[in-house]
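**Student:** What follows is the residue order along each chain.
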Amino acid sequence: MTRASVRRFLIALATASTLCLLLSDTGAAATAGPRPTTHRVVIDSLRFDPQLLTVKAGDTIVWVNHDPFPHTVTAEGKSFDSHEIAPGQSWKYTARKAGEFAYACMLHPTMKATLRVE
Amino acid sequence: MRMIGVVIATSLCLTTAAAAAEGPNDAQIAAIVVTANQVDIDAGRLAASRSHTKEVKEFAKRMIVDHTGVNKSAVELVTKLKVTPQDNPTSQSLKSGGDQNLRNLKGLGGAAFDKAYVDHEVAYHEQVLDAMDNVLIPGAKNQELKALLVKVRPAFVAHLEHAKRIQAPLAGKS
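The listed protein sequences derive, respectively, from chains B and C.
Each step along the first sequence adds one to the number in this note's numbering, with nothing skipped, and position 88 is 88.
The number in this note's numbering is simply the position in the second sequence, starting from 1, with 118 added.
No lab work stands behind these hints: they were computed from the structure.
Be a bit skeptical, because a hint or two may be false.
What the hints assert, rightly or not - Restraint-style ranges between C-beta atoms, simulated for each label pair:
(1) Arg96/B x Lys200/C: 44 to 52 Å
(2) Arg96/B x Gly141/C: 53 to 61 Å
(3) Asn143/C x Ala86/B: 30 to 38 Å
(4) Arg35/B x Glu173/C: 43 to 51 Å
(5) Pro36/B x Thr202/C: 48 to 56 Å
(6) His39/B x Gly227/C: 16 to 24 Å
(7) Ser167/C x Arg96/B: 41 to 49 Å
(8) Val268/C x Pro36/B: 30 to 38 Å
(9) Leu220/C x Lys56/B: 23 to 31 Å
(10) Asn252/C x Thr54/B: 37 to 45 Å
(11) Thr38/B x Glu176/C: 29 to 37 Å
(12) Glu176/C x Pro36/B: 31 to 39 Å
We treat Cβ as the ideally placed atom computed from N, Cα and C, and that holds for glycine.
All chains, full assembly: derive it from the sequences and hints.
**Tutor:** So this is what it looks like as structure tokens:
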């Protein structure tokens, strides 16, 4: 084997083992638990629906604004805050931390709901 | 100020009673909805530029944004339904009441302005809710028009609560 072909062989070996590692990693992640899911909360007539949503840590929640004016999704203590969601638009949040989060619309404080992360 | 509230109340009640007897048609209801929103947008614009109180300016901005949104939906719907809003005694009295309110507010400043604007907003939202519940929602023939009124009603309730919340601290200031 020439020096150059040895080098090519080593590079190929290194690439193959890295790929194997990557593949086994994704394999492990896929079997570690249920896949994160996406939940939907509809904002309509100044109401969050559902009023109480329970999700698993890692899940994503999408708030969709069906009203003709903006709303916000703002947790007490601001652990999450959408800022203004325009009419017809949505806002996505991935819940990482377990707990019960009361939230409200800052523009219409009578609008309240709860997100429970398990 | 109180007198203005009474004027709005009386004109709305009178026209409400008249409309209930005959029943406004959908084209008239459309004109009432658009005028009611526009009147409040105009008052909000004046307050947003003239008031120096944070809470009053924020409330005024909310009125402009929300009522503009409601009117956009209303105009989109009537355009889709090919209904042309038709002027009627209720929409006319809303308009003249709105103009009178603006004339009164333009003569005021400072705490007196804030109080007059917010007092009027409380009276106005109470009267519009009354008209929605007794005339507009029960009277709307087209189901989409009725649905739109039902959908936006909670906004008027939230605005009334908001106005009342900022009204109390202003009461002793002028």
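**Student:** Decide, hint by hint, whether the structure agrees.
**Tutor:** Structure-based check of each hint:
At about 50 Å, the CB distance of arginine 96/B to lysine 200/C agrees with the hint of 44 to 52 Å. Range check, arginine 96/B to glycine 141/C: about 56 Å between beta-carbon atoms, so the 53 to 61 Å window is met. As the Cβ distance of asparagine 143/C to alanine 86/B is approximately 33 Å, the hint placing it in 30 to 38 Å holds. Distance hint for arginine 35/B and glutamate 173/C: a CB-CB separation of about 46 Å, consistent with the stated range 43 to 51 Å.
Range check, proline 36/B to threonine 202/C: Cβ separation about 51 Å, and the 48 to 56 Å hint holds. Distance hint for histidine 39/B and glycine 227/C: a CB-CB separation of about 50 Å, inconsistent with the stated range 16 to 24 Å. Look at serine 167/C against arginine 96/B: about 43 Å separates their beta carbons, and that is inside 41 to 49 Å. Separation of valine 268/C from proline 36/B is about 36 Å and conforms to the stated range, judged on CB atoms against 30 to 38 Å.
At roughly 54 Å, the beta-carbon separation of leucine 220/C and lysine 56/B lies outside the given 23 to 31 Å, and the hint is violated. Taking 37 to 45 Å as the suggested C-beta distance range, the pair asparagine 252/C and threonine 54/B conforms, at roughly 40 Å. For the hinted restraint 29 to 37 Å between threonine 38/B and glutamate 176/C, the CB-CB distance of approximately 34 Å keeps it satisfied. Between glutamate 176/C and proline 36/B the CB atoms are about 37 Å apart, so this pair conforms to the stated range of 31 to 39 Å.
Checked against the numbered hints listed earlier, the structure breaks hints 6 and 9; every other hint is satisfied.
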